[in-house]
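Protein chains: 2
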Amino acid sequence: TLTSELGIFHKSWLSIVSLWFGLMSKVCKFVRNAWDIGVNDPGKLMHGVKVGAALSVVSLLYYMRPLYYSVGGNAMWAVLTVVVVFENNVGATISKSFNRMMATFLAGALAVGVHWIGCHSGKPFEPIIIRASVFLLAVTATFSRFIPTIKARFDYGASIFILTFTVVSVSSYRIDNLFVFAQQRLSTVAIGASMCILVSIIISPIWAGRDLHFHITCNLEKLADSLDGCVVEYFKEDKDRNHGESFKRLQGYKCTLNSKGLEESLCNFARWEPAHGCFSFRHPWKQYLKVGSSMRSCASCIEALVGSCINSKIKVHESTKQPLRNLCMRLSCHSSAVLKELATIIKSMRRSSRLLLLTEEMRIAAKELQHVLKSQPHQPIPSPSPQNFDFTSTLKNLRLIQVMPLLTVTSLLIEIATWVERSV
Amino acid sequence: TLTSELGIFHKSWLSIVSLWFGLMSKVCKFVRNAWDIGVNDPGKLMHGVKVGAALSVVSLLYYMRPLYYSVGGNAMWAVLTVVVVFENNVGATISKSFNRMMATFLAGALAVGVHWIGCHSGKPFEPIIIRASVFLLAVTATFSRFIPTIKARFDYGASIFILTFTVVSVSSYRIDNLFVFAQQRLSTVAIGASMCILVSIIISPIWAGRDLHFHITCNLEKLADSLDGCVVEYFKEDKDRNHGESFKRLQGYKCTLNSKGLEESLCNFARWEPAHGCFSFRHPWKQYLKVGSSMRSCASCIEALVGSCINSKIKVHESTKQPLRNLCMRLSCHSSAVLKELATIIKSMRRSSRLLLLTEEMRIAAKELQHVLKSQPHQPIPSPSPQNFDFTSTLKNLRLIQVMPLLTVTSLLIEIATWVERSV
Numbered sequence: 025t026l027t028s029e030l031g032i033f034h035k036s037w038l039s040i041v042s043l044w045f046g047l048m049s050k051v052c053k054f055v056r057n058a059w060d061i062g063v064n065d066p067g068k069l070m071h072g073v074k075v076g077a078a079l080s081v082v083s084l085l086y087y088m089r090p091l092y093y094s095v096g097g098n099a100m101w102a103v104l105t106v107v108v109v110f111e112n113n114v115g116a117t118i119s120k121s122f123n124r125m126m127a128t129f130l131a132g133a134l135a136v137g138v139h140w141i142g143c144h145s146g147k148p149f150e151p152i153i154i155r156a157s158v159f160l161l162a163v164t165a166t167f168s169r170f171i172p173t174i175k176a177r178f179d180y181g182a183s184i185f186i187l188t189f190t191v192v193s194v195s196s197y198r199i200d201n202l203f204v205f206a207q208q209r210l211s212t213v214a215i216g217a218s219m220c221i222l223v224s225i226i227i228s229p230i231w232a233g234r235d236l237h238f239h240i241t242c243n244l245e246k247l248a249d250s251l252d253g254c255v256v257e258y259f260k261e262d263k264d265r266n267h268g269e270s271f272k273r274l275q276g277y278k279c280t281l282n283s284k285g286l287e288e289s290l291c292n293f294a295r296w297e298p299a300h301g302c303f304s305f306r307h308p309w310k311q312y313l314k315v316g317s318s319m320r321s322c323a324s325c326i327e328a329l330v331g332s333c334i335n336s337k338i339k340v341h342e343s344t345k346q347p348l349r350n351l352c353m354r355l356s357c358h359s360s361a362v363l364k365e366l367a368t369i370i371k372s373m374r375r376s377s378r379l380l381l382l383t384e385e386m387r388i389a390a391k392e393l394q395h396v397l398k399s400q401p402h403q404p405i406p407s408p409s410p411q412n413f414d415f416t417s418t419l420k421n422l423r424l425i426q427v428m429p430l431l432t433v434t435s436l437l438i439e440i441a442t443w444v445e446r447s448v
Numbered sequence: 025t026l027t028s029e030l031g032i033f034h035k036s037w038l039s040i041v042s043l044w045f046g047l048m049s050k051v052c053k054f055v056r057n058a059w060d061i062g063v064n065d066p067g068k069l070m071h072g073v074k075v076g077a078a079l080s081v082v083s084l085l086y087y088m089r090p091l092y093y094s095v096g097g098n099a100m101w102a103v104l105t106v107v108v109v110f111e112n113n114v115g116a117t118i119s120k121s122f123n124r125m126m127a128t129f130l131a132g133a134l135a136v137g138v139h140w141i142g143c144h145s146g147k148p149f150e151p152i153i154i155r156a157s158v159f160l161l162a163v164t165a166t167f168s169r170f171i172p173t174i175k176a177r178f179d180y181g182a183s184i185f186i187l188t189f190t191v192v193s194v195s196s197y198r199i200d201n202l203f204v205f206a207q208q209r210l211s212t213v214a215i216g217a218s219m220c221i222l223v224s225i226i227i228s229p230i231w232a233g234r235d236l237h238f239h240i241t242c243n244l245e246k247l248a249d250s251l252d253g254c255v256v257e258y259f260k261e262d263k264d265r266n267h268g269e270s271f272k273r274l275q276g277y278k279c280t281l282n283s284k285g286l287e288e289s290l291c292n293f294a295r296w297e298p299a300h301g302c303f304s305f306r307h308p309w310k311q312y313l314k315v316g317s318s319m320r321s322c323a324s325c326i327e328a329l330v331g332s333c334i335n336s337k338i339k340v341h342e343s344t345k346q347p348l349r350n351l352c353m354r355l356s357c358h359s360s361a362v363l364k365e366l367a368t369i370i371k372s373m374r375r376s377s378r379l380l381l382l383t384e385e386m387r388i389a390a391k392e393l394q395h396v397l398k399s400q401p402h403q404p405i406p407s408p409s410p411q412n413f414d415f416t417s418t419l420k421n422l423r424l425i426q427v428m429p430l431l432t433v434t435s436l437l438i439e440i441a442t443w444v445e446r447s448v
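These protein sequence lines are chains A and B, in that order. Under this note's numbering, the first residue of the first sequence is numbered 25, with each subsequent residue one higher. Under this note's numbering, the first residue of the second sequence is numbered 25, with each subsequent residue one higher.
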């Protein structure tokens with residue numbers, strides 16, 4: 025039994041050790057992950073430093089006796105405001121600060137008003153009026169957060185409105201001078217909020233507008249790469265196929281597919297930002313959303329292309345692809361060139377005649393492709409380019425299923441070209 | 025000049041009146057909008073009532089003298105917690121409450137600990153230690169919110185951690201018994217949070233899990249309808265075309281395209297919820313995300329289908345579509361039947377042998393379609409069904425471009441069938 029007990033001891037010891045190592049490896053992984061994030065995007069670490077700095081400044085309200093007494097011990101609200109309002113980009117910080125200040129002002133004024141009405145309507149009515157107003161306003165403001173226009177711009181404000189109204193109106197039970205209380209609350213919130221805005225603008229600002237701009241151009245480039253990659257991958261001869269690096273490039277379009285939420289929130293924040301860099305105050309941010317939505321349709325087509333052609337089980341012999349190969353590749357080349365040019369134009373924010381040229385070229389390529397398709401298989405058109413020389417004879421001997429993926433690619437490419445044209 | 029002055033007066037009066045009416049019409053529209061939201065989804069109004077109720081209960085901490093003094097005037101934290109933590113669904117409320125309580129506990133304990141160390145390290149070091157710790161922890165905690173695992177589950181907790189730590193540690197300057205202060209803060213937060221959890225579970229609860237469940241089944245049905253509608257629309261004869269109602273039904277797939285964020289957050293919240301209805305505590309919520317992601321790929325294909333075939337400029341004569349019409353419609357019928365059956369299965373949460381049957385039928389339909397395509401145009405296969413009787417002869421006389429949309433539809437349908445199979 026001694027050996028068995030030792031065995032149990034040994035086993036449990038082993039399990040504890042393995043648990044410990046498992047935990048440690050998880051912690052290590054987590055730390056490495058965090059380190060990578062910090063190294064790849066120092067702006068994120070910088071954001072932390074900015075929050076720390078703003079908090080340190082605001083906590084002077086506690087440390088300095090005259091400041092502390094001037095806000096009547098309400099210094100906590102300034103700290104609270106900084107923690108809650110300070111966001112990653114300037115637009116979000118300004119939007120939240122503005123929401124918080126406006127909501128605090130409105131709710132404070134309303135609460136003081138209701139209190140005044142309560143005071144003047146006699147003893148038995150006062151508590152009823154105050155409690156009923158708290159309940160009713162909480163219901164209304166909470167409900168209003170479901171209304172899309174409010175939700176998009178004043179969601180945070182509505183919640184602060186309920187908060188302030190409840191706190192001020194309920195405090196009237198315990199506080200003598202409600203007006204001073206409300207006013208101190210407003211001034212501490214204003215101190216905190218303006219501190220956030222100042223720090224976020226002065227110390228290495230991160231602009232939502234610039235992020236949106238960068239995001240759209242980056243996605244445009246990825247989309248162009250994906251499109252190019254897809255078509256090359258499809259028309260490549262089997263022996264050249266090399267999954268790996270090229271496959272990763274192909275996946276670029278996926279970033280675009282699920283970016284709607286991000287783009288909308290960035291656009292929303294960008295509208296709050298003052299002029300910065302090459303963006304004026306009333307920069308047409310909504311245009312970015314339009315481009316983004318066209319890009320998503322484009323990305324959907326690429327997804328369908330990847331699914332139905334590249335990963336398709338129906339194998340098509342190389343010679344089948346030959347007749348349309350060059351035309352398709354030309355169209356996709358032109359489409360991705362338009363996308364890339366669009367990215368450069370957006371980047372540099374200059375009109376370029378090259379875009380029109382490229383779009384025209386793309387349109388011509390699409391028309392040519394359609395023309396070749398139209399004239400088949402009735403009579404071989406006299407074509408100057410050698411690629412459709414033996415077009416009819418090749419296709420005639422084929423089975424329909426072998427032409428199908430090719431034609432699908434073609435029609436999706438034409439569709440992509442239309443979308444690209446629409447986003448120009 | 026009198027007449028001209030009168031003219032100016034008249035004009036400005038008119039513009040004021042028109043402004044006023046414009047404003048009033050906007051307000052009316054807003055109110056009608058809000059009313060519609062309330063009528064269509066009374067749960068949203070109910071949520072408002074619940075928040076109001078929870079706030080009224082928590083404000084008893086102010087109204088009742090013994091309660092007020094037992095929390096040492098910190099009643100405000102309970103009100104604050106209710107406003108900030110109470111979310112639309114139970115899972116979100118529990119997740120935020122838990123985050124808030126844990127973060128308050130940890131940060132309070134840490135702040136008291138740092139204060140103790142500061143006190144024992146002598147006068148000159150105390151302020152340095154406290155200020156440095158506030159700065160460092162604010163930087164770390166803010167940065168940690170960028171780490172995906174933290175962001176997904178403890179984002180709110182991290183912000184409350186900074187908040188509590190800063191408030192408690194900075195208050196040590198002005199408060200004698202820091203331990204009691206931290207403990208009162210924790211207990212008021214706990215009162216507020218548990219009030220939220222109670223109210224949200226007891227009064228007509230809205231479960232994130234049930235929402236997710238409903239969202240997925242609803243989207244599955246919409247997807248099936250869209251698929252059906254698309255194919256019917258495409259193969260319908262021109263004279264029957266009737267844009268309007270059917271067009272609206274077609275758009276159902278769009279709900280699926282941009283639902284990733286919503287599904288992920290609902291899934292995240294659902295994992296916090298206790299067992300309710302037919303959902304156990306460890307319900308496999310992640311499966312819903314998998315189904316959702318397959319559905320999105322499906323919806324992408326439908327988007328490509330709508331773009332490249334239904335809205336295509338290349339008009340194809342009805343007779344061209346004839347040969348593949350029945351086969352395509354059969355495949356799409358089976359695909360949407362599988363989607364609908366999947367929706368019913370998820371709804372009833374019972375295994376059904378019918379799903380396997382339908383999937384098998386869909387697979388057979390896809391194979392048959394591929395088979396017909398494979399055997400063309402070499403020799404007409406002896407087919408029992410009349411639809412491919414004059415198949416070869418019809419297609420032979422066509423131009424390639426006229427076959428193209430048809431083949432694209434076909435290949436996209438086959439692709440959709442594959443995705444449908446994958447989500448089963």
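Honestly, I wouldn't trust all of these hints.
So the derived label-pair ranges between C-beta atoms look like this [as the list claims (entries may be wrong)]:
1) Val-51(A) - Pro-308(B): 42 to 48 Å
2) Gly-137(A) - Ser-218(B): 29 to 35 Å
3) Thr-368(B) - Ser-49(A): 40 to 46 Å
4) Leu-379(B) - Ala-156(A): 52 to 58 Å
5) Phe-149(A) - Arg-273(B): 32 to 38 Å
6) Ser-372(A) - Thr-368(B): 53 to 59 Å
7) Ile-141(A) - Ser-42(B): 33 to 39 Å
8) Arg-306(B) - Ser-376(A): 38 to 44 Å
9) Ser-218(B) - Gly-146(A): 55 to 61 Å
Simulated pairs of lysine-lysine, BS3-like, Cα-Cα distance not exceeding 25 Å [what the hints assert, rightly or not]:
10) Lys-284(A) - Lys-371(A)
11) Lys-175(B) - Lys-175(A)
12) Lys-175(A) - Lys-53(B)
13) Lys-364(B) - Lys-175(A)
Examples of chain B residues lying across from chain A (beta carbon under 10 Å, computed) [unchecked claim]:
14) Ile-32
15) Gly-72
16) Ile-153
17) Val-158
18) Thr-173
19) Arg-177
20) Pro-308
21) Cys-357
These are calculated hints, taken from the structure and not from any lab test. Quick reminder that beta carbons are idealized off the backbone N, C-alpha and C, glycines included.
Each hint, compared with the structure:
{"no.": "1", "hint": "Val-51(A) - Pro-308(B): 42 to 48 Å", "in the structure": "28 Å, violated"}
{"no.": "2", "hint": "Gly-137(A) - Ser-218(B): 29 to 35 Å", "in the structure": "33 Å, holds"}
{"no.": "3", "hint": "Thr-368(B) - Ser-49(A): 40 to 46 Å", "in the structure": "44 Å, holds"}
{"no.": "4", "hint": "Leu-379(B) - Ala-156(A): 52 to 58 Å", "in the structure": "55 Å, holds"}
{"no.": "5", "hint": "Phe-149(A) - Arg-273(B): 32 to 38 Å", "in the structure": "56 Å, violated"}
{"no.": "6", "hint": "Ser-372(A) - Thr-368(B): 53 to 59 Å", "in the structure": "54 Å, holds"}
{"no.": "7", "hint": "Ile-141(A) - Ser-42(B): 33 to 39 Å", "in the structure": "35 Å, holds"}
{"no.": "8", "hint": "Arg-306(B) - Ser-376(A): 38 to 44 Å", "in the structure": "57 Å, violated"}
{"no.": "9", "hint": "Ser-218(B) - Gly-146(A): 55 to 61 Å", "in the structure": "36 Å, violated"}
{"no.": "10", "hint": "Lys-284(A) - Lys-371(A)", "in the structure": "20 Å, holds"}
{"no.": "11", "hint": "Lys-175(B) - Lys-175(A)", "in the structure": "22 Å, holds"}
{"no.": "12", "hint": "Lys-175(A) - Lys-53(B)", "in the structure": "16 Å, holds"}
{"no.": "13", "hint": "Lys-364(B) - Lys-175(A)", "in the structure": "33 Å, violated"}
{"no.": "14", "hint": "Ile-32", "in the structure": "30 Å, violated"}
{"no.": "15", "hint": "Gly-72", "in the structure": "4 Å, holds"}
{"no.": "16", "hint": "Ile-153", "in the structure": "14 Å, violated"}
{"no.": "17", "hint": "Val-158", "in the structure": "6 Å, holds"}
{"no.": "18", "hint": "Thr-173", "in the structure": "7 Å, holds"}
{"no.": "19", "hint": "Arg-177", "in the structure": "13 Å, violated"}
{"no.": "20", "hint": "Pro-308", "in the structure": "23 Å, violated"}
{"no.": "21", "hint": "Cys-357", "in the structure": "20 Å, violated"}
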